[in-house]
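Q: Each number in this note's numbering corresponds to the 1-based position in the sequence shown with 2 added.
No lab work stands behind these hints: they were computed from the structure.
Cβ coordinates follow ideal geometry from the N, Cα and C atoms, glycine included.
Warning: the hint list may mix true and false statements.
FRET-style restraints, in silico, Cβ to Cβ [to be verified]:
(1) Leu335 - Thr394: 55 to 61 Å
(2) Ala173 - Ile319: 44 to 50 Å
(3) Glu289 - Glu205: 41 to 47 Å
(4) Ala383 - Asn239: 25 to 31 Å
(5) Ser258 - Val387: 50 to 56 Å
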Amino acid sequence: MRFFGKRMPQPTVQATPASDADSIVPVIARANRFSVQDLLVEASYGVGARPSRLVMTTLGTVLGIASLVVTIGFAQTAAGQISNQFDAVSATQIMIEPASTRNSSGTEQATGRLPWDAPSRVDRLAGVEQAGLVADVDVAGQRITSVPVNDPSAAQTLSPNLIATSPGLLAAVRGEVVTGRYFDAGHDERADRVAVLGARAAETLGINRVDSQPSIFIGEVPYTVIGIIDGVERRTNLLDAVVVPLNTARTDFGLSAPAELHVQIDVGAGKLVARQAPIALDPNAPENFKVQAPAAASSLQDNIQADINIVFLTLGILALLAGGLGIANVTLLSVMERVGEIGLRRALGATKRDIARQFIVESAVIGLLGGLIGSALGVFAVVVVSLLQGWTPILDPIVAIGAALVGTLVGLAAGAYPAVRASNIEPITALRGGT
């Protein structure tokens, strides 16, 4: 007879004294406990005895581990992408504006004024690449249109805003010219009546090309459109506006002072430029300027990654718990179906510990299989999606390896209760068909 892959010793019969000859009782000698090899053999048989159920049980763990790897991988990849965007935009941008205080009536009042030559003053600072001034222009109720005739019967449309900038602003806010050109220092010095349209403003005005030198009208004064811009990353309201040179706005609309100075800097130069720029603008009163500088790249990147990891890791853990519950349910069902087998093995000498260990190992094997397959699928998904999106896939190898081990741990935890339930089945109860 074989028990757990090992031949059982034959029962030995001991004769009772003659006085008790009518009550000869066979006494079955206790079997030796099976080895680790026998345990693995029996567990593997129990796992593979029902292939369809094995596939369904493993599928839950595969999905849980794959979800965990994918969520962590996408969290790390997304953090890397956000960090790259931060380095490309936020970490390389400084905005300076006049400081303000509240007067007795509670309104904000500027305590300083940006000089008209502010870009040239900060250009000399180490770490500065581009600088440009910008200001909103009050057109005193005049409409901005693309035709000189005002048709009272035509439906009224919202007029674009008018913004004045220095020639270097477009580069400072990382904009690009879609067609035509941006005005230069010559246009600004001469106060030429030229204009550049933001992409959405150009669509509103019905202008999509500048080779025919179209004009727009501010009130009844024509301005030649020389370019259309798009892709502004820092001051997106330029896309909805008509942009003219600063000196043109000073001459035609009485612009009193610039409102903001945008500075594009090298990565890591934010702290230095933020300290030196107010002094360069006004050595006698640097406190009259408010500087918005980027935070330290390392701390911001860590905070972004930590926040994203928490969100995605929570989702992965929930998916993994679902897989663990699947293992527990199927293992418990297997215990209920194998009551007769368990009772027979107990009758043949198996201990409670032997039964418990068998079901624990079966659950661990299922968890390990699910962990290995799920980890591989998760890594594959992260790489494929990242390549399709043009991202750089980022995934710590420890995550992939650890996910497979986590699958084993989930299997162990999920099989604990069913194993205890199986070990507590008494032989006589099982053989009578009970549970």
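Q: Against each hint, give a clear statement of whether it holds in the structure.
A: Against the structure, the hints:
Separated by about 45 Å at the C-beta atoms, Leu335 and Thr394 break the suggested range of 55 to 61 Å. Taking 44 to 50 Å as the suggested C-beta distance range, the pair Ala173 and Ile319 conforms, at roughly 46 Å. Taking 41 to 47 Å as the suggested C-beta distance range, the pair Glu289 and Glu205 conforms, at roughly 43 Å. Against the hinted window of 25 to 31 Å, the Cβ-Cβ separation of Ala383 and Asn239 comes to about 39 Å, which falls outside the hint.
A C-beta distance of roughly 53 Å is found between Ser258 and Val387, which places it inside the suggested range of 50 to 56 Å.
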